[in-house]
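*Asks:* Each chain, written out:
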Amino acid sequence: MKVVVADDSRVMRQIVIRTLRQAGYDWWEIEEAENGADALTKIQAGQPDFVLSDWNMPEMTGIELLRNLRGAGDETPFAFVTSEGSDQMREMAEQAGALFLIAKPFTADTFRDTIDPLLA
Amino acid sequence: MTVTTMWEVLADPDPIFTIAEDLFATMIDGEPGHLIRWYGERPAILHPTYTWVDVLGGDQDARVLISMGHDTGDDLARVLFDLEDTDEVPGVDFDDAVGELVNVVGGNVKSLVTHPGALTMPTVSGGMPDMSGLEPIVDACVTWKGSLVCVSLWVFEEKSTTTP
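Chains as they are written, first to last, in this note's numbering: chain A, 1 to 120; chain B, 1 to 164.
Looking at chain B on its own, in the form it has when it is part of the complex (with noise of 0.2 Å):
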């Protein structure tokens, strides 16, 4: 089945590497030019971590999905919590900070269109959510320190009866 989205706006990667980009120069890097765009195949993300938010109660609900290998998600919660590099980030920290960025691109995602609905609490985990009767809009990968962080937007192909 396919579905016809208003979400379809953001079918162009484009505006998710600003979003990706804008996040990475403000709150993680402090400077633009740290993460790379990332075209064609895509290498296996080792220990992948899986964050997401859905965007519920609007004209058609939505996911965004973010995946990075657990040692990405590691060096992230550290620049987010300003730890050394060598510090230990406990689990509900490395939730907390993962968790935060998703909120974040799916934020500003939602931003990019009408009647979008309200957003769900990020949830985080080491296997991928169930993906069935969601339908991919746009998948984008950028590398960040040479490593791969990807960010995809889903819609659902039914509405969800419940509300965030």
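Okay, chain A solo, but in the shape it has when bound (with noise of 0.2 Å):
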């Protein structure tokens, strides 16, 4: 399964990746993006199955890039990784069509709680 972590902040990106490591994911393809244009990129050009993304990135933020992929009729499955989970933050992601949205603190549990019915 191919996936594309993006996160602005490079330690960020490795503790996210470090954790889907340790809630079983490690079979996962991953590759990181620096920001959403990036991801954009990226996403274009390797097609992942998923995309996990921050929310404030400079060059496009991350709800930025999942319009501009539903936009460009691009259905990817797509969440978002952030340090924001208010309840707005989470309607707003809904409605631009992201499957879930983790608050950052999270922990291993946090992303097999979540990822895991996904994936059943």
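One should not assume that every hint holds.
So, partial list: chain A residues that the calculated Cβ filter (under 7 Å) puts toward chain B [said to hold, decoys possible]:
1. S9
2. N56
3. S83
4. R90
5. Q95
6. G97
7. L99
8. I102
9. K104
10. T107
11. A108
12. D109
Ranges between beta-carbon positions, derived for each pair [to be verified]:
13. R42/B with A120/A: 46 to 52 Å
14. T114/B with G46/A: 35 to 41 Å
15. M121/B with Q44/A: 38 to 44 Å
16. A118/B with R18/A: 24 to 30 Å
17. E64/A with D12/B: 43 to 49 Å
18. D113/A with D59/B: 44 to 50 Å
19. L83/B with D87/A: 20 to 26 Å
20. R18/A with M121/B: 34 to 40 Å
21. E94/A with G146/B: 41 to 47 Å
22. L118/A with D82/B: 25 to 31 Å
23. G91/B with E59/A: 39 to 45 Å
Hints listed in this document are in silico derivations from the structure and should not be mistaken for laboratory results. Given the structure is predicted, the values throughout are model-derived calculations rather than measurements. Idealized CB from N, CA, C, for every residue including glycine.
With the hints as a guide, dock the two chains, each given alone in a separate frame, to form the complex.
*Replies:* Following this line, the structure appears as structure tokens:
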């Protein structure tokens, strides 16, 4: 399974990937993106199975990335991992077509509990 | 000037303590109990590092500021990057790791109020940012491995004309 992890913070990309491995997704083939614009290029080129994206990023935010993809007819499954988990943000994410929003800080259990049902 | 603000729901330090404890328990220590709430007079922070995010464009602009010693920032960066205790932390990685801490705290703080606006990107500096025109709402300190880490929330007396 090909996955794009987008976050402008290198350390957060590492933490997300490390936590995904701890959660049991060590079979995922993960490509990193430094911001929304970088992610858009990589998604269009690599056609991943899933995108996990931060929200607040330079160049192009996560929500702009998602709207851009859906506007272009790209239905790649998409979810957010972001520091802001308010009801308002969750609603905005859902309306734009995101599968879920995981708020930082998170644990491997958080990932497993959220992602496993979607993979089943 | 005293600012009446929607952020006053955070004037009690408990929510800030809880956010910090969750952050350290999940992403730094892997278990709770390593962060100790600090009450009373504070020792000076030697070789301080400041990192902050602003919350702009909502009903009232605010700033979340974290201060700590540079050595503490190095230790936290090593943990976050999964490095050895003796590994050097390049400046760019230090800024990334310490900035991400305030990004997470700021995002969680923002989630506790309605119509807060948007977060700016984190800034990291060895110097305190210009705090003129800001009023403190809460200032809470913890110790991590014996070192002081302080988190404060401030509101701008006047609304910014720009959004992030």
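*Asks:* Does each hint hold? Answer for all of them.
*Replies:* Comparing the hints with the structure gives:
{"no.": "1", "hint": "S9", "verdict": "holds (5 Å)"}
{"no.": "2", "hint": "N56", "verdict": "holds (5 Å)"}
{"no.": "3", "hint": "S83", "verdict": "holds (3 Å)"}
{"no.": "4", "hint": "R90", "verdict": "violated (10 Å)"}
{"no.": "5", "hint": "Q95", "verdict": "violated (17 Å)"}
{"no.": "6", "hint": "G97", "verdict": "violated (20 Å)"}
{"no.": "7", "hint": "L99", "verdict": "violated (20 Å)"}
{"no.": "8", "hint": "I102", "verdict": "violated (12 Å)"}
{"no.": "9", "hint": "K104", "verdict": "holds (5 Å)"}
{"no.": "10", "hint": "T107", "verdict": "holds (5 Å)"}
{"no.": "11", "hint": "A108", "verdict": "violated (10 Å)"}
{"no.": "12", "hint": "D109", "verdict": "violated (10 Å)"}
{"no.": "13", "hint": "R42/B with A120/A: 46 to 52 Å", "verdict": "holds (50 Å)"}
{"no.": "14", "hint": "T114/B with G46/A: 35 to 41 Å", "verdict": "holds (39 Å)"}
{"no.": "15", "hint": "M121/B with Q44/A: 38 to 44 Å", "verdict": "violated (25 Å)"}
{"no.": "16", "hint": "A118/B with R18/A: 24 to 30 Å", "verdict": "holds (28 Å)"}
{"no.": "17", "hint": "E64/A with D12/B: 43 to 49 Å", "verdict": "violated (36 Å)"}
{"no.": "18", "hint": "D113/A with D59/B: 44 to 50 Å", "verdict": "violated (34 Å)"}
{"no.": "19", "hint": "L83/B with D87/A: 20 to 26 Å", "verdict": "violated (37 Å)"}
{"no.": "20", "hint": "R18/A with M121/B: 34 to 40 Å", "verdict": "violated (23 Å)"}
{"no.": "21", "hint": "E94/A with G146/B: 41 to 47 Å", "verdict": "holds (43 Å)"}
{"no.": "22", "hint": "L118/A with D82/B: 25 to 31 Å", "verdict": "holds (27 Å)"}
{"no.": "23", "hint": "G91/B with E59/A: 39 to 45 Å", "verdict": "violated (22 Å)"}
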